[in-house]
Each structure stands twice: as C-alpha cells, then as structure tokens.
Amino acid sequence: MKRLTKILPWKGRGTARSAVEGCQRQRIAPNYDTPPSALRAATSPLGGGLLGIALALALSAAPAAAQTVAITAGTVALGDGSEPIPGGTVVIRDGRIVAAGRGVAVPAGAQVVDATGKWVTPGIVAGFSRIGLVEVDAVDATNDVEAGNSPFSAAIDVAPAVNPRASAIAINRAGGVTRAIVAPATARSIFAGQGAVIDLGADMNAVMRARAFQFVEFGEQGTREAGGSRAAMHVLFRNALREARDLSRYSGIPSGGGGARQARANDQRDLPLEEVPGANSLLGPNVNRPDDVLLTRFDAAALVPVLQGRQLLLVHVERAADILQALSLKKEFPALRLVLVGVAEGWTVAKEIAASGVPVIASALTDLPNTFEQLASTQSNIGRMRAAGVKVAIGMIDDEEARQVRLSRQYAGNLVAVARLPGATGLTWGQALEAITSAPAEAIGMGEQFGSLKPGRRADVVVWDGDPLENATAAEIVLIDGVQQPLSNRQTKLRDRYRTPGEGQLPKAYQR
Amino acid sequence: MASNSRKSLAALALAALAIAGCTRDKPQTASAEAPPRTPPKTYSHDPYPSTYRAYPGVLTAITGGTVYDGEGGRIERGTVILADGKVQAVGGPDTPIPDGATRIDASGKWVTPGVIDIHSHLGDYPSPGVEAHSDGNEATGPVHPDVWAEHSVWPQDPGFTRALANGGVTTLEILPGSANLFGGRSVVLKNVPARTVQQMKFPGAPYGLKMACGENPKRVYGSRNQSPATRMGNIAVDRATWARAAEYKRRWDKYERDGGDMPSRDIGLDTLRGVLAGEILVQNHCYRADEMAIVMDMAKEFGYHVAAFHHAVEAYKIADLLKANGVCAAMWADWWGFKMEAYDGVTENIPLVHNAGACAIVHSDDPNGIQRLYQEAAKALAAGRRIGINIPDEVAWEWLSYNPAKALGIAERTGSLKPGKMADVVMWNGNPFSVYTRPERVWIDGALLYDSNDPSRRPVTDFELGQPGEGDVK
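Note that the protein sequences, when read in sequence, are chains P and A.
Count along the first sequence starting at 1, add 13, and that's the number in our numbering.
Count along the second sequence starting at 1, add 336, and that's the number in our numbering.
Hints in this document: simulated from the structure, not taken from any laboratory.
Just to be clear, a hint being listed does not mean it is correct.
Claimed, not checked - Just some of the chain P residues that point at chain A, by a computed CB distance under 8 Å:
| no. | residue |
| --- | --- |
| 1 | A151 |
| 2 | G241 |
| 3 | R243 |
| 4 | N383 |
| 5 | L388 |
| 6 | G426 |
| 7 | V429 |
| 8 | P435 |
| 9 | N484 |
| 10 | R508 |
| 11 | G515 |
Even glycine gets a Cβ: it sits at the ideal position worked out from N, Cα and C.
So that you can see chain P by itself, here it is in the shape it has in the complex (with noise of 0.2 Å):
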C-alpha cells in the first residue's frame, strides 16, 4: 500500500511519533440540545458578523440563530444521489435545512440570497480522511496520525489531536469541504484507534463525535502490523475482541444483545464509552484479567464498544479476498458494525458485499495494481459496486487525505466521466455527489445529521459558481451550521503577495 519511499515528494501518511495519551479523554462531543448554530456563532471568531468580502453573493448579514435565509434561484442540488434541480431554493433556519428544492416557498421575512447562475449543494464530506491531525506531514511534530512509539493502539482517541487550525482546514474548507471523518492509522497493531467525525469551521469546536469508530487494517498493512501473515492478523484480532468480551464480563456492562439489529436498537449505541453505565469499571481498580493478554487494559476496553456493536468498526481491505474475509466477521461476532474501507476488489464480489448490507468507503481512481491486494484495481469499481446495490462513498485512504479532500469533488467528477466510456461503469451526476455528500455520512451513521439538503439536517451548504464537480468551479459561499465561513487561508494570503513579481517600495514581506 504504501510505496517504498521514492524520495519523491513526500506523499500519503507520514511517520508520526507523538503520543497520545490513551487515558486523558476530553469532553467534546457536541450538546445536541443546543442549536448547533447558536453553539457555533458563540465560538466564532467571525462573531457572525458581515464577512468583508466582496463576493457577489455575499449575505448581508450571516445569518444567526433564529434567522431564515433562503438561497434562490440557483441550480440546487441535494446530495441523496437525485440529479440537479434548476431553480432551486434552499431554506435555512436556526443551522439547520428547513426545505430544499424546486417550489419552495421563500418564508416571510428571510434574507434571501440570489443564486442565479449559481450552484447550491450540500458542504462535501471527506469520506475518509486524516484532516486536521497534520500540518506538515513530513515535520513530525506536526503529524499526529500514528504513533509508532506508543505502547497503545486500539485505546487511542484522535479527538483531542483534531487542530481546527491546521492549515488543511482552512484551505479545503476554501474548497467546500464542510465535514470530514477523521482516523488514526496504525503503527503497531491493526488497530489504529478511533477516529472522530468533524466540521471544518474556522472555530475551535471541530469535533462533532468523538470516537465515531474504531479503525482496523485487515489487509497487507495489517498483515505488516500483525507480524507477517494474514493468519498471524486474523489471531490477533480474534484474541483482541476475545480480551474486550472477557472484559467485559467483568464489567456489567449491557452486552448489547445478540445482533446487530439489536445493537441498532440501543439507544446507547451512540454513546461514548466513559457514558456508558457501568462501563467506567472496566478501567477500575478491581476490574480482573487473565494472565496471558496482549492487549494493555485501556486497548482492550475500547474494543468492547466494538465487539459489543456501539461503535462503527472500519475496515481497510483491498483484496477480494480479505474483504469477504472482514464480511465473514459478521457471523463470528453478530453485532460487529462494519463499513469497508479502500476495496479496490471489490466489484469482484459486489453481490457479497451487497448481501451483506455493509457500506463502503472506497478510493474512488486507484487503477493501478499498486500492490498484491489492488490487482484488479479500474475506476469503474465504485460504479460497478453501485450498480450491485453496495452502499458507497468516495474516500481517500493513504492518499493525501490529510491535506487534499478537495480533491473529493474531482474524483466524484471522474466517475461520471467514466460512465462515459464504453465498457466501463460509473456514476451519473446525482449519484457521484452523493457520493462525497449523503453517502458517507450514512456509512457512518449519521445520515440524519448532516450530508444531505433534506430537512432537518445540518445547514452545511455550498453556493458554487458552477458545476461543483468541473475542475474550474470554486465555492463562493460556505456555511456550515448555518453560518457563513471565512475562505481566505495562507495560500490565498500567498497568491495575493505575489500577484505582481519583484519587489515594490518595499519588501514582499510588507504586503499583506
């Protein structure tokens, strides 16, 4: 997976070092009882204020908690694999899509926006990803994906690494990038911890849902981490949900049942483990283990969520193999959530895939056989897939997805050009959005939250100054919660200096 090192540009993870500390947990998971853009206007350093930018469009006013904006008249989108509506309206009230579409009625009193000319779609979510955890990838210091000296791994929590600062925020929201599900990746176990889902909001409230799901390598990455074999892997994962169920026992806590439709049906499922009743003592004092673990006790302890189906259980697999292998979990341990990772194979066995009604999160342009597990790599996977009834979203693993999710809307682009081509298989305008929209935000449970122009979600929305999946099209205007987002970042603060080249009056360095 990933390449030797070329000593080319240095691309894809890098070589993290710091520690996280497996224990120390902070309390970042959003009040859903408050108005998220309430919540989000209090924090913003923008206060809600006018942006002073000069953009056609601009809103009068960013609209705060309780106001109604209504975006008119440009070509509206929804993300839900429907195709584009010309003159579409979207109705926004208190951060959240009241209605979307053709004939909606513009509320007394709104703000309207008019977007003639203009495009209106949900904000993109970076399908898989590691924005936020990086600055540079290859300053170590600087790049909190893995943590190659870390005595943790299943235990570790990507939360409190999430820098809303961090360059890549900035520029990909630029790029209409509002939401982004966040992992760790591993570095000496299969289990690289667990990853969060956040907005890209020029805030310091980036985390939506802390501990979203556990993140697992199940391929060749794995097998490296396992100590060398697939077999060696498929033991170590065993034991480790073998440690969580022991303790567990220990613990009290509600097992979950016996299923995942149970496990959905647990109002607790959600929950973050520390909120669990019960589920403290498993990091208590009395809490018994057997002499011959491997996993230290906080590891174990987050797998219980897992095992027990409170939490998604994502799974890297490429080979066609492996990924019936990672379906085949299922029986073993009923309430296990998955959702596949990468499978670059996986049209190979859609109709499995399919059957099993796991969703997937898959590279949407490798077609290179890259490595053993990708042989079959072609860009009509995912609309192969699709086409077999897999539930699939365009994400970026191992693949500039620390500082480039905005390539998302490019690679979405691809695949309807793919569906071009005779002989090959791609997505139609709708369903390739959808793909960088709805579909991963139900991939990972939260469909109902954000992803989509349907009502009731959050107001993530993008005015776009032309069809948001060309290459030529940039976003114009980005709310997220509902309220407007600054655009300007180091790069366009960069371009701007040097405009003009050589020198003026002055030295570059004093224009800004």
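For this one, chain P is given, so just place chain A on it according to the hints.
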C-alpha cells in the same frame, strides 16, 4: 559505429540548441566541431541507442473537431491530416482531404497534441510498488551522475498503459529520484508498449541530468552523518563536483582535439561533461524560490544551463527570475504541505508563472497524476482566471505539450500539431479541460495505439495477463 554515434551526437546537440526560450548560447561541443587531424578513439555517446520504430498507421483525416495546435492556436471545425507518421496538414473545414484517407468525425470533440509529462518515474518505480521494483534512487552516495534511469525502466509497468489510455500521454521523461544531488541520467520515451526500453526511447532526444536541491539529499545523507547534511552542504558538494567535471571536460576535449594518451574514463563525469557541452539538459528538482535562485547562479558559475526546475512549488515567487534566465518551471496544480519545502504551494502557481512570461509546465511525478494532467491544467487555469489572469484554453495547452517539449529539447519534433512533426495526437471525447472528458483515441507517430471504442486497442502488460481484471477498462 564511431561515425554513427558522432552523427547522432550532432543531432542531439542540434536538438538541444533548438530549445527556444529555455536555452541560451552555448559553445559547440567538441565532438560537433571539425574532425580532428588524427581522429582519436573516443567513447560512444549513445551506447544504448533507440530502436524505436513507429508502428504502422493509415492516412487519417480527423475532421470537425476543436483543434488546439499546442502553440496557442485554435481552430474550430478543424481538420488534422496524419500521414506516414507525421502531421501532414492542420487547418479549417476547407482543408483538402487526401484520397483514401480514413475519416474520423471529431464533431463536438477536441483534437490536441499528445500530452508530454516531463517528470515521471514509471518503469523505475513501477506497479506493483514492491521493494523488488524500487529502482529509482541509487541512494548510496549523493553524486551519482553515472546511473541512467533507462537501465531501471521496466517496460511492463502497467502505469505506462494508464497514462496512455486515461491521460493521453504520448511522450514522457523518466527520471531518477531525488535522493541524490546528482541523481543520474533521465531518458525520454515514447509511450508505446515494448519489450525493451530501447524500443521506447525517443529517437534523437537529448539526455537529461536529474539534479536535486533541498530537503531530500540533505535528509538522506545527513541522517547518515555524511555530507550533505545542510542546504549549504548541498551546494558545496554540487560545486566540487562541477569543478571536477570541468577538469574532466578539459582533458577529454583536448584529447579529442589533439590526440595523445586517452584520459581515464569516468562514466559519471561523461554525463557532466555532456551537460557542460550543452548536449545533456539539466532537469533540476527544486521547490523553494531562494534555492532556485542559487542554482541559477551556480549554473552560470560553471557554464551550464538549467532546462527546467521540477516541483517548482515556489516558482510564482520568482517568476521574473525564471523568465530572465530562460528556465522553465514544471509544477503540480495544487500539491502542497507534504514537506516543509512544499508548504507555500498555491493553485495559482502555474498561471502566475505563465503570466510573468516564463515557461510553465504541468508535470505529474505520479502514476495517478499522469493520468489527469489535463485536469490539473484545468484547475490551475481556472484559479488564474479567478484572480484576473485570463489565459485562453488553447494557450494553456502549451503547459501540457509544447513547453515540456521545449524543456526536453524535442520541440522541433513533437509537442504541437505542425506539418512535418510527429503525429502524436489525442482526440478527446469532449473539452479536455472538463472533468467529464477522457481520451477517445490516441495516436503515436500516426499509429492508433488507443481507441476507447475498441477493446483490441487497449494495451495489457505482461504483468496483468492472467490476473484479475486483465484487459478491463481501467
């Protein structure tokens, strides 16, 4: 043999001198001057000669499409005639079509010169990217002008075929990696599937010398407590090496002029002598603006010329200097931040360089990126327009074919659709700056080597035979 290599050397020197905008006056090479009184034995400058032969093509008339000629020209409902492997005619709808020509209707489609990637490691870092295939960096010492990228190229790299079918790439330069200050010779290839690298070598193309500044050499060797460990160490080792090369060149020039005892042979210094003689072109990996300025002075100090800075992430900061020195900048559209020297990347880099009058090139350095160079150009072009740099599409195509051809010393042969040049042509199924567009047909020297409508015109490498997905659309 000697006279053959001498002839091809003269061709190389001529090609090198033809790089308009990316060259400057050079002393003629000793070998290109009048024959010596007593011809001494010398060494071959082309010991692994190209055996490339154009594959058969048919007389072809591509009509009705939007034609970008690659040098800024645009013709609506244009006609492009390909004959005997060459572009025979390019014109409007009234262009006469020769009898017997196979007509291809390009209505609603675009016709351009083939894409040229000046920075690729295909074959040297092929797929699958396993350790056994890691053949791009002789990272055993910082000065390795003795290694030649072509000696690592694995022609069965599936990446070549993806670059052809998805990227419309017809010519590409394969470079050694950037672990070393002097990485070795690069080679220019026609993007044709072949059994040997010689069968891919662009006939008569000058060699390149890969050099690198910045983080990579100092990291690789500094981490071994070896020089260079700093940027100043980089330049110190560079200068010491160029001084040796100048001495080597003096000795060999004298011998080839006056005869006498043959000087001792150094394979690496052969390459540097070729650079100092203007017959080998320097392709210099360099990100930071200040370092590019240092390197341009170093080139003047030792009497060579940098053809292009590659990965020139900060070219926009010194676009005026690049113009003044006649050095091209080969750039990504929007890569940034993977290392410190890439921290200041901006998407407007390419149009800012172009707008300053310097030579701008879009490059890939990547087996995936090479499939979408036309899209990368489109992103940069649009970013430029948003800040008021209005470059027409047909002019921006220079970034993809003519400018890289200039920096490779092959612009007289390919890179634009002009009568007599190689028929390296892509017909796109739409506007090639749209994300929705792909190559429909690709010709190399007039031979149709990819046709999206014809699975039999879809190359499958040896590696992929018998594997899952063999012969699939990719």
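Which earlier hints turn out false for this structure, listed by number in ascending order?
When the structure is compared with the hints, numbers 2, 3 turn out to be violated.
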